[in-house]
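J.: Each chain is listed here by its residues.
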Amino acid sequence: DAGITQSPRYKITETGRQVTLMCHQTWSHSYMFWYRQDLGHGLRLIYYSAAADITDKGEVPDGYVVSRSKTENFPLTLESATRSQTSVYFCASSVQTGPNQPQHFGDGTRLSIL
Amino acid sequence: GQNIDQPTEMTATEGAIVQINCTYQTSGFNGLFWYQQHAGEAPTFLSYNVLDGLEEKGRFSSFLSRSKGYSYLLLKELQMKDSASYLCAVKGGATNKLIFGTGTLLAVQP
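If you read the sequences in order, they're chains P and G.
Per my numbering, the first sequence starts with residue 23, numbered consecutively.
Per my numbering, the second sequence starts with residue 223, numbered consecutively.
To be clear, the hints were calculated from the coordinates, so they are not data collected in a lab.
Quantities reported herein were computed from a predicted structural model and do not represent experimental measurements.
Please note that a few of the clues may not be correct.
Computed cross-link-like contacts, SDA-like style, restricted to lysine to any residue with a CA-CA straight-line distance of at most 20 angstroms [stated by the list, open to error]:
(1) K79/P to S249/G
(2) K33/P to E101/P
(3) K319/G to K33/P
(4) K319/G to R90/P
(5) K279/G to K303/G
(6) K298/G to E236/G
(7) K290/G to R132/P
(8) K33/P to E263/G
(9) K319/G to E101/P
(10) K319/G to R132/P
(11) K279/G to H126/P
(12) K319/G to Y86/P
(13) K33/P to R132/P
(14) K319/G to T42/P
(15) K319/G to A74/P
(16) K298/G to S249/G
(17) K319/G to R66/P
(18) K319/G to P83/P
(19) K298/G to I239/G
Where chain G lies over chain P, by a calculated footprint (3+ residues, C-beta under 8 angstroms) [claimed, not checked]:
(20) 62 to 72
(21) 122 to 135
In this text, a Cβ means the ideal position worked out from N, Cα and C, and glycines have one as well.
Please construct the entire structure, taking both the sequences and the accompanying hints into account.
T.: The following block contains the structure:
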């Protein structure tokens, strides 16, 4: 039971580069989410998706792009990385946003931008 | 707007009981979640409350008062492995997405 997997686990890149973080889930969950976690801010929602080809902005979407061509994949792209995007990124999924459905998280990607 | 407040850090002794509080202000409310996050790991789901009262799950219990915008997580018979961050998250408002507090870092001492 693979669940939800993120890759890479660690990434170092330079400012101005494009970088894509991958998220794959095997549960056929309809909803998927991208968060970033920074000291003092907790988890903040970047983008989410209700189903394939449906995406919407969260709290901090600037500088990020997402796509969802298949239900199981939800990649997050930083088009031109900046140092302020150094963070730990978590992908999550849930069956639906019905009130009692928890989100299940991947192990995270630790991204450093030099 | 939405706001969630939790204490930043707490310390407790192995075998004891600890209560972690969470207060929230949201324009709508569709439930409150507690997650546990060990250092360097993913958050994992602990509990969910949508009605007032106490929900018990083994050593962990969670309480909700909607009229006061208040919840707490109660951990009994503390073990060293309970040292972690505990995240309070509210589902509500116009978008029905989860809004997380900054988390409470609990240190369990022998």
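J.: Return the numbers of the hints above that this structure violates; sort them in rising order.
T.: 3, 7, 9, 10, 14 and 16
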